[in-house]
Each structure stands twice: as structure tokens, then as C-alpha cells.
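Please arrange chains B and C on chain A, whose structure you already have, making use of the hints.
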Amino acid sequence: MDYCPHTKDDIAQMQAAIGVKSIEELFADIPQKFRFREMPDVPSGLSEQETIALMSAIAARNQMPRLTLTGAGAYVHFIPSVVSHIVGRSEFYTAYTPYQAEISQGILQAIYEYQTMIAHLTGTEIANASMYDGASAMAEAAVLSAKMSNRSKIVVARSVHPQYRQVLKTYCWANGYTVTEVPYAASGQLDLAGLHSALDESVAAVIVQSPNFFGCLEDITPIADAAHAKGALLISGFTDGTSLGILKPAGACGADFVVGEGQSFGNPINYGGPYLGIFAAREKFLRRIPGRLAGATVDKNGKRGFVLTLQTREQHIRREKATSNICSNEALCALAACIYLAVLGTNLKKLAALNVNKAQYLKSRLLQIPGWKEVFSAPIYNEFTLCCPDARAVNEKLQAEGIIGAYDLQKDYPELKNTLLFCATEMLSKNDMDRVIEIIK
Amino acid sequence: MELIFEISKPGRSAANVSASDVPVVDVDHIIGRTYLRDDLDLPEVAEIDLVRHYTNLSRRNFGLDLGFYPLGSCTMKYNPKINENVAALPGFTGLHPDAPDAFAKGNLELMYDMQKLLSGIFGMADFTLQPAAGAHGELTGVMMIKKYFEKKGEKRHLILIPDAAHGTNPASGALCGFETVTLRSNPEGGVDLGHLESLMTEDVAALMLTNPNTLGLFERNIEKVAQIIHSRGGLLYGDGANANAFLGKARPGDLGFDVIQLNLHKTFSTPHGGGGPGSGPVGVCAGLVDYLPVPRIVKTDSGYGWSEQFPDTIGRVRAFYGNFNVIVKAYAYIRSLGAEGLARVTEMAVLNANYIKEKLKPYFDLPYDRICMHECVFSGNRQVEQNGVHTSDMAKRLIDFGYHPPTIYFPLIVHEAIMIEPTETESKETLDAFCEAMISIAREAEENPQRVKDSPLSTPVSRLDEVLAARKPDVCWKR
Amino acid sequence: MSKTNPTDRLYSKDHEWVKDNGDGTAVVGITDYAQEMLTDIVFVELPPVGKKVAQGEPVAVVESVKSVSDVYAPVSGEVINVNGELENAPDLINSDAFGKGWIATLKLADTDELKSLLSAANYDTLIKEEKH
Numbered sequence: 001m002d003y004c005p006h007t008k009d010d011i012a013q014m015q016a017a018i019g020v021k022s023i024e025e026l027f028a029d030i031p032q033k034f035r036f037r038e039m040p041d042v043p044s045g046l047s048e049q050e051t052i053a054l055m056s057a058i059a060a061r062n063q064m065p066r067l068t069l070t071g072a073g074a075y076v077h078f079i080p081s082v083v084s085h086i087v088g089r090s091e092f093y094t095a096y097t098p099y100q101a102e103i104s105q106g107i108l109q110a111i112y113e114y115q116t117m118i119a120h121l122t123g124t125e126i127a128n129a130s131m132y133d134g135a136s137a138m139a140e141a142a143v144l145s146a147k148m149s150n151r152s153k154i155v156v157a158r159s160v161h162p163q164y165r166q167v168l169k170t171y172c173w174a175n176g177y178t179v180t181e182v183p184y185a186a187s188g189q190l191d192l193a194g195l196h197s198a199l200d201e202s203v204a205a206v207i208v209q210s211p212n213f214f215g216c217l218e219d220i221t222p223i224a225d226a227a228h229a230k231g232a233l234l235i236s237g238f239t240d241g242t243s244l245g246i247l248k249p250a251g252a253c254g255a256d257f258v259v260g261e262g263q264s265f266g267n268p269i270n271y272g273g274p275y276l277g278i279f280a281a282r283e284k285f286l287r288r289i290p291g292r293l294a295g296a297t298v299d300k301n302g303k304r305g306f307v308l309t310l311q312t313r314e315q316h317i318r319r320e321k322a323t324s325n326i327c328s329n330e331a332l333c334a335l336a337a338c339i340y341l342a343v344l345g346t347n348l349k350k351l352a353a354l355n356v357n358k359a360q361y362l363k364s365r366l367l368q369i370p371g372w373k374e375v376f377s378a379p380i381y382n383e384f385t386l387c388c389p390d391a392r393a394v395n396e397k398l399q400a401e402g403i404i405g406a407y408d409l410q411k412d413y414p415e416l417k418n419t420l421l422f423c424a425t426e427m428l429s430k431n432d433m434d435r436v437i438e439i440i441k
Numbered sequence: 001m002e003l004i005f006e007i008s009k010p011g012r013s014a015a016n017v018s019a020s021d022v023p024v025v026d027v028d029h030i031i032g033r034t035y036l037r038d039d040l041d042l043p044e045v046a047e048i049d050l051v052r053h054y055t056n057l058s059r060r061n062f063g064l065d066l067g068f069y070p071l072g073s074c075t076m077k078y079n080p081k082i083n084e085n086v087a088a089l090p091g092f093t094g095l096h097p098d099a100p101d102a103f104a105k106g107n108l109e110l111m112y113d114m115q116k117l118l119s120g121i122f123g124m125a126d127f128t129l130q131p132a133a134g135a136h137g138e139l140t141g142v143m144m145i146k147k148y149f150e151k152k153g154e155k156r157h158l159i160l161i162p163d164a165a166h167g168t169n170p171a172s173g174a175l176c177g178f179e180t181v182t183l184r185s186n187p188e189g190g191v192d193l194g195h196l197e198s199l200m201t202e203d204v205a206a207l208m209l210t211n212p213n214t215l216g217l218f219e220r221n222i223e224k225v226a227q228i229i230h231s232r233g234g235l236l237y238g239d240g241a242n243a244n245a246f247l248g249k250a251r252p253g254d255l256g257f258d259v260i261q262l263n264l265h266k267t268f269s270t271p272h273g274g275g276g277p278g279s280g281p282v283g284v285c286a287g288l289v290d291y292l293p294v295p296r297i298v299k300t301d302s303g304y305g306w307s308e309q310f311p312d313t314i315g316r317v318r319a320f321y322g323n324f325n326v327i328v329k330a331y332a333y334i335r336s337l338g339a340e341g342l343a344r345v346t347e348m349a350v351l352n353a354n355y356i357k358e359k360l361k362p363y364f365d366l367p368y369d370r371i372c373m374h375e376c377v378f379s380g381n382r383q384v385e386q387n388g389v390h391t392s393d394m395a396k397r398l399i400d401f402g403y404h405p406p407t408i409y410f411p412l413i414v415h416e417a418i419m420i421e422p423t424e425t426e427s428k429e430t431l432d433a434f435c436e437a438m439i440s441i442a443r444e445a446e447e448n449p450q451r452v453k454d455s456p457l458s459t460p461v462s463r464l465d466e467v468l469a470a471r472k473p474d475v476c477w478k479r
Numbered sequence: 001m002s003k004t005n006p007t008d009r010l011y012s013k014d015h016e017w018v019k020d021n022g023d024g025t026a027v028v029g030i031t032d033y034a035q036e037m038l039t040d041i042v043f044v045e046l047p048p049v050g051k052k053v054a055q056g057e058p059v060a061v062v063e064s065v066k067s068v069s070d071v072y073a074p075v076s077g078e079v080i081n082v083n084g085e086l087e088n089a090p091d092l093i094n095s096d097a098f099g100k101g102w103i104a105t106l107k108l109a110d111t112d113e114l115k116s117l118l119s120a121a122n123y124d125t126l127i128k129e130e131k132h
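Residue numbers (the numbering used here), protein chains in the order written: chain A, 1 to 441; chain B, 1 to 479; chain C, 1 to 132.
Everything labelled a hint here was simulated from the structure, so no lab data went into it. Don't take every hint at face value.
Calculated cross-link-like contacts (lysine-lysine; reagent style BS3-like; alpha-carbon spacing at most 27 Å) [stated by the list, open to error]: (1) B:Lys472 with A:Lys147; (2) A:Lys8 with B:Lys81; (3) B:Lys453 with C:Lys66; (4) C:Lys51 with A:Lys284; (5) B:Lys359 with A:Lys8; (6) B:Lys478 with A:Lys248; (7) B:Lys152 with A:Lys169.
Take a look, some chain C residues computed to stay more than 12 Å from chain B by CB distance [stated by the list, open to error]: (8) Thr25; (9) Pro48; (10) Gly50; (11) Pro58; (12) Asp70; (13) Asn81; (14) Gly99; (15) Thr105; (16) Leu108; (17) Glu113; (18) Ser119; (19) Asn122; (20) Thr125; (21) Glu129.
Cβ coordinates follow ideal geometry from the N, Cα and C atoms, glycine included.
In isolation and in its complexed conformation, chain A is listed as follows (with noise of 0.2 Å):
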């Protein structure tokens, strides 16, 4: 396929304008030995036709499964959709980063009105225009704080989501920060004991989820509490973005920084990525976060318009003083995100409750079978862990059948042998849930 649209007339009139007399001696700056090179595993191109049964042909060669019910920083939701035909738009998504306000208000009132909803939701005042994914946003926002406080060590619960703690660690070691966790009880929420003998004043933020990676809800004021009383910020994560519509958010018990994932505001699956991170803090720090901000302007007639502020703190101006290098975000999916939350609406807390609904359901019934147990008697959302017999056995009956399974918390942690996390969203039947009973019987 070749989309130039130039002709060999095109070609020798421009050449012909430049003065040159071939292609390849606009390439002269190149040093001859390193002209001309061959691309050794590319294969020739194909016409349209032949692309899409390439592309077909990989997408089969998945299986896709009848269900699924893991979570675990990924969820499977229910897209409306309206959402589809408004991103697939190509004013929306064949622009660029709206730096030409004038010609942008859409996407600019689009993120004005997305940051408006994220900030209630979060019971925040303000949020940005999104980050990278929820794990990178929990990642800059430890490094913001200790920036900010200019303390170097960062505590965070084990019971975050393993890989966000991962991410974490890495931003930190890149930085000369330390981090060390702090255990869970055996309700499953953070131990607080555990919490307060690593908190001192050299501690620039606490990093807890809530619900957090076991599916437990957290206490977040005695934590916010315990974090300030040394100095130190609270922040708060977030992995399903709908159990916003139901559970009091971590702003509202004293978090500084609240920041998530929001894939499942909107956002397909889709293996991992494109998702949504969502940063959103309190006002206070507003000139030293991170990332896009829309703002609410006037033009010179006096009618409202929207622009991109507060562009110094970003690294095309601070440059090496700025807080964070992000340039592109994840704007189609905070568009994506917006809509979502504006067709939901009020609903959401339907939709919230809905969840609690299948879970609760799904974990009885787990729980009649003979040798189930609880582990964590904490208050769920949508997930929740369960130990079992034989955790693989279950997961390789489900396999069998086209089911992905729950996700085994043993490779993440050791202690945790043969135990399940869980997640029902409103995707899951309870005739999906019956025949998932039947299967692990």
C-alpha cells in the first residue's frame, strides 16, 4: 500500500524546484557507508485486501474466551455504545495535542468536562488530562512527593497491585529513592501497626489502594491520618474506576493524591493497552503536578474558551526542572472515559451496586463448595479471594472449557498458596456463574 500521492510529473517538477536531479541526492548528508541500507525482515508490502486477512488471521489465531473472571487491574465492562461512534470521530482522533486552542475547543471542553468528573469522583479538586496507565501515575506521584518534600523514602502496602509496585519501584531506583512495604492483616486491609512502624520523618508519601490488589476495601483516614502526623502524603490508587460510584473516594478521608486506572470507564480490554491514568490531587498542588491541564479562559469578546494551562510546568518548558517528561498522554481514552461517565451519569451507582451484586453472588456460591474458604474478612467491590483445594486444577477445569479463570496469587505472593482472586463484573450472568459452579464442582 503507498499513500503518496505523488506522481512522476510531481516528482520531477519539485525536483526540478529544489535543483536536484534525483531523490537520492537529497540524501548526500547520510555518510556514504551507511547509505542505502537493505531492511532485512521486512516483507514486501501488501494491498488492503491482503492486510486484512493478515490481520484476521492473527486476531484468530487467539482464543477469545467465553468468560472472564479476572480482574486484577483489568476489567471487563460494559461499553456503551454511543462511546465508539463519538471517539471513532476523525476530528477527535486525527487531531493533534491541542497546543492551537482556537481550533481544539473540542477535545479542550471534552478534558475541561473529563477533569471535572474526575476530580467529583475522586473527591478531589483537581485532575489532569490523564497519564500513561494507573501504575505510571502512582509511580509520578511518589516521585512528585518526594520531590516536593525533598524526603527520599516511600512507603507502600503489599497489598498494592503487584506490577504497580513493580513500576514503582523502578521510577524509584531511577531516582535514589528507597521504597519498603508494609504488610496486610488478616482482614486483608493494611496493618496499621506495620504502617506506623515505618513511618518517620524521612517518609515522603504512603501508598496505599483501596479496593486494594485481595479486592479489600481500605480505611483510608487512620491511614491519612498516620501519614500526615509524620509529615507525609497519602496516596491513593484505584484499579476499577466503577467502584467510584458506590464507595466513598480516598479525597474525601484525606488522600493528597488519588490516582487509578480509568480503562474501565469506556476503554476495551484490548491485551493490556491503550488504558487510562488517572492523576488527580488536591488544590494545593496544582502548579507542580504533572501532565495536561484544560483550563477555562475567555477570548477577547468575552466568551468562554477552553485552553491548555499551565503548560510551564511541563518538560517542553521546564525542561530538566520539570517534575515529569510526559508529553503525549492518553487523551482518545480520556475522551472515551468522559463519554462514558456522562451516558452513565447517576447510573453509575447502579452500575457500582450491580457489580456488588454479582460478586457477592459469585463468592457465595464458590463458598458451597466443599473445602472453599474465606481469607479475608475486609468489606468487597467486584473481586475477592478465595483459597481453595487445588487453585490450578480450578483454573485448568475453567481453561478447558474457553473460561479464563481467577487470578493466582501465589506467583505474586508465596504465602497465598492456592488462592484465588475473583472478579464479577455486570458482564457476568448468573447462568455464567451457575455454569463457572458446575464446572468447578
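Same frame as chain A, now just chains B and C:
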């Protein structure tokens, strides 16, 4: 236009959540009031009004499908629709990243093949597809450089960055604890070799070079540059944002680059999406492969699978594997163009940029009058001196002509910079029309400067007060 | 056109001014030329009272729409007062850089340092040279 909140009305709804087919639980009891929120203030809008609202917003947005976007350094090439269609196949969108490898055969194969294709195109030993954007890739690359020296037991504190570099470069360096030292450019726009010699010590970890640079000029002395760096044990990082300039013509790996990052949303045609999502794969030479982020795809007898068994890895830079759906689009692009198509991309991109340069140089100051690569940089100095018409004014005036302005005020080393990158997907007619518009603006700047300073006049809003937005920031609507 | 540089004070080559109060303290700010270069100032990050700075170290940060600039202490000292008005009206630096746009008052650590600064006339010359 009103905000979605302003057209909201209690009792309206666009959603219909299914009724529960399982027993309804008492949420207050099961979860407890401590954990429940008191209010949920989200829009209540009927679907038709919602659709009209966002459709109307889209019509206040300028996308590449509407018109020319000569943004230097952004490579705003046409976004092929076939890529959108194949990326939307349920097989690609519907799989959970934790699906057993046996479920994800197609995806694993695609990513593995993509790594191989990119390695061949750019002359590197291997790639990671994990970073979500170019800047993310830069950070990843600099982290690998840091790890490399850590493993060698060498404490190097400095990173050299040319004065023409993109802001993400020094920001990435600083985020890995490096101090940045600015490297001067010579009068021709290339690296000042003398300055480089004097700066290159054994305390320097790397030079971050964009080649061709942000002036659109190929580094003529690249061999010497690489030799100076390597002779003192340093590494050469390549910012591959400008890869559109050398596909099939040169390979960074051959030129001596040890690590490069790419921008799939630039060179490989995936849509910009109003700011993202992009994808920033990072390629490395053999000596840095061990430090690549995990998990990595390994090939076994039973097929492909994810593995974290790489003890020297820098770790992870995000959850899961990468912006997979973006990678799917770029993969379809590479396979559909093929080797010969990719080479033609570069040839036509460079032809287009040089054509514009020749047509506009009588009218605008051209700081570096030599063959450029895929982009050219002018200065608005002449117009400023004539009648105080700035580059920003001319950019806004271009909007009235139906174009998205070029990149302005970058790179920093050119005063009143105007950076134009047409890309290869624009026809000669489009380029001619654009040049005519630019020339008439230059004339206006001379004969009727106020007209230029007042623009844009044709847009839904006129020039917006950025100062107010920064002095009194309003980033969240309140009732 | 920049305002005339007042002769009742001294200047640094980084475009800060220092006005000696005669009692061991001095007021510092940035010059009118500096605010012209920065254009509309949107935010000023003031130092905390009590902060000790050495000559040439950053003492405040001034943000405009397009840039962020460090303000360097023209003399060493301890911050004993800051101009709180700048929090809500950063544009005071634009409209009155030498007066209402003052940034901080320092208790001087070493009055000899004043000798190394420029007079108004010498600062005038510096600006003229910079413009060419």
C-alpha cells in the same frame, strides 16, 4: 457552547443498567456506611442530547482528516483507515492481559514479530514495546543507560544534550538522577565537535542526540560523534522522533546508536487522538538487551510466552505489556507498506520538505540554508522587524486559511522559529496551496500587519486569554 | 520601552535589583527590563521567611505563560519578609517592577557584596549590549 453539566437535568438518563439477575444485596449492610459515598454528581442527559453535545464539540476540532497539519517534529501523516478497522477486531480488543499465553497466541506473535521488524528497520538487536509514548520510551532508555553503568560499577553523573533538543530529553535525564550539560550546535546546525570533545569525560554516561536534529538536519559528523562518545566509554542515545527522515536510507544501529526510542504515533501512522495514546518502543544494541523491561516475550517449543526471568532488567515502566492496540495499527502499517513502501515514505517526506523550503525561502528567514531532511525551520524575524508581526500571529492567521499552524517557537535555538514538516502523504497541490497562504501572510505582515495580529477571525472563539488561564486557573467546573 | 532604571539601587547581571535600607537589610526584585522579557507574569513562588541564600543562588521563581525563571539572590542573606501581594497579583511585577512588584527583603550577610553589583548606569550599558 454549554458544558455537559449545564445541559444536565435531574431525572434524565442516557444509560440503562440491567436489572440484577442475582439476589440484590443490602449495600449498606454488606459494605458498611463508612465506605460508601454520600453523593454522586454526574451528568443526567438523554442520549440524543449527549450525542449532539459531543458531535458538536467534534465539529469545533481540527483533525488531520480535515486539513493539512505541517507540524514540525510531530509527523502528522495520514492515519490509514484500514489500521483503525483491523485494530477494532474483537480478537485484538477483547482479551484480558492476564489471559493464559495459550489464549493469546495471535497477540504474542504480533508483538514478537513487531519487535523483530523494528529491529531490522532500525538496525538494533531487540526492542521493548512497553513504553506508552515517546517520552516514556526516553525515560526507559535513560533508565537502561543508568543500569548499564551501575552493573559496570561506574558512577557517571552527566548526560549531554544539544541545545536544540526537545524538552523531554533533559527532563528524562533529570528523572534518572543525571545532571544535564548543554552541548552547543555549530553554525551549520550540527553538533559542535570541539565542544563535544571538551565535554566528553568519563563522568558522562551518554549523549542524547536527535538525528536528524530538531532543525531537520542530518548530523554529518555522526561517525565522529559516535566515536568520541564510545572512546570514553559513553553510550549514544538516539531520539527517534524524526525516523520519518531515514527509513530505508540509514539505520541508527549502523550509525552507532546504542539505544533509540520511536514514536509509533509519528513515524508509523497511528492517530494522535488529540494528545494520545501513542506508543514509544525502545530499541537497544546487544550490550543493553539484558536491561530491557519485563516481561519479555520468549519463544519456546510450545510457542510464545511472557517471561520475567531476566535478572538484570530495569523492571517495569507500566502495568501489562504496552499500548497494544496502538501497536496493532503500526504493525498493520508496516506489513501493508512493506520494505519498499517504507523507503518511499522517507523519500517523499524529504522531497516535500525541501520543496517547501525552496518555495518559502525568499519570504522568510532561513537560518540554515542547506538540504534539509523531513522538516525545515524558518524564523519569523524578518516580519518581527518589519512591523512587529510575530510567529505566533502568523500561525494564528494560517488558521483563517484552513490550516493547522506549524510548530512554533521550537527549537529554542532559532528565534521566532517556524518548524514545518509536511510528511509524505501530502500532494504537491496541497503544498503549493499552503505555500501560497504563507506567502500571502508574509505580504500581509508587510502591508497590513494589524490583520495578522488580530487573527484568528474565523474560529468559534477568537484568541484566548492564556494569561488569565494561568493566573486564575479554572480546571474543574463548579456549580 | 523599559522604565528608567532608578539610581537609588544596585543591579545584578541577572536583572535583579537590590535597594539597601541602610539598616543591614535590603529589598530585592527584578528589573523592568526583566519583566518585559518574561511578558505576562502569572505566578510567583516566594521563598519561605527564614530561608538563607547565598549570592547567586535561586531565591524565588517567576512564571510567565511561556517560561519559568529563577530569581537569583543578588546578595547573600536571610529572608525576613516577602511580598504577599504577589500571590494574588503577580502582575504587579509587570506594572511596577521597581515598586509594588518587590519580591523579598533580606537581612544582609555581607554588605561588602554590594560592591560587586552594578550601578544604574552600568546596568543600562549591560542592557544595551544585550539587545545587540
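Status of each hint after checking the structure:
1. Taking the CA atoms of B:Lys472 and A:Lys147, the gap is near 25 Å; set against the 27 Å cutoff, the hint holds.
2. With a C-alpha separation of about 26 Å, the suggested pairing of A:Lys8 with B:Lys81 holds against the 27 Å cut-off.
3. Proposed proximity of B:Lys453 and C:Lys66 is supported: the alpha carbons are some 18 Å apart, at most 27 Å.
4. For the proposed pair C:Lys51 and A:Lys284, the alpha carbon gap of about 21 Å is at most 27 Å, so the pair holds.
5. Taken as a hint, the B:Lys359 and A:Lys8 pair is honoured in the structure, with Cα atoms around 20 Å apart against an allowance of 27 Å.
6. With a C-alpha separation of about 20 Å, the suggested pair B:Lys478 and A:Lys248 falls inside the 27 Å cut-off, and the hint holds.
7. Restraint check for B:Lys152 and A:Lys169: satisfied, since their Cα atoms lie roughly 21 Å apart, inside the 27 Å limit.
8. The claim that C:Thr25 is not at the interface with chain B holds, since no C-beta of that chain comes within 12 Å of its own (minimum 30 Å).
9. Every Cβ of chain B is farther than 12 Å from the Cβ of C:Pro48; the closest lies at roughly 22 Å, confirming the non-interface assignment.
10. Every Cβ of chain B is farther than 12 Å from the Cβ of C:Gly50; the closest lies at roughly 28 Å, confirming the non-interface assignment.
11. Here C:Pro58 stays apart from chain B, with its beta-carbon at least about 16 Å from theirs, past the 12 Å limit.
12. With 12 Å as the threshold on Cβ separation, the claim that C:Asp70 sits away from chain B holds: the shortest Cβ distance comes to roughly 15 Å.
13. No Cβ of chain B comes within 12 Å of the Cβ of C:Asn81; the nearest lies about 23 Å off, and the non-interface call holds.
14. The claim that C:Gly99 is not at the interface with chain B holds, since no C-beta of that chain comes within 12 Å of its own (minimum 20 Å).
15. Every Cβ of chain B is farther than 12 Å from the Cβ of C:Thr105; the closest lies at roughly 24 Å, confirming the non-interface assignment.
16. Every beta carbon of chain B lies more than 12 Å from that of C:Leu108, the smallest distance being close to 31 Å; the non-interface claim holds.
17. Look at C:Glu113: its CB is around 27 Å from the nearest CB on chain B, clear of 12 Å, so calling it non-interface holds up.
18. In this structure C:Ser119 is separated from chain B by more than 12 Å, as the shortest Cβ-Cβ distance comes to about 30 Å.
19. At roughly 27 Å, the least C-beta separation between C:Asn122 and chain B is larger than 12 Å, which holds for a residue marked as non-interface.
20. With 12 Å as the threshold on Cβ separation, the claim that C:Thr125 sits away from chain B holds: the shortest Cβ distance comes to roughly 23 Å.
21. Residue-level check passed: C:Glu129 sits 17 Å from the nearest beta carbon of chain B, beyond 12 Å.
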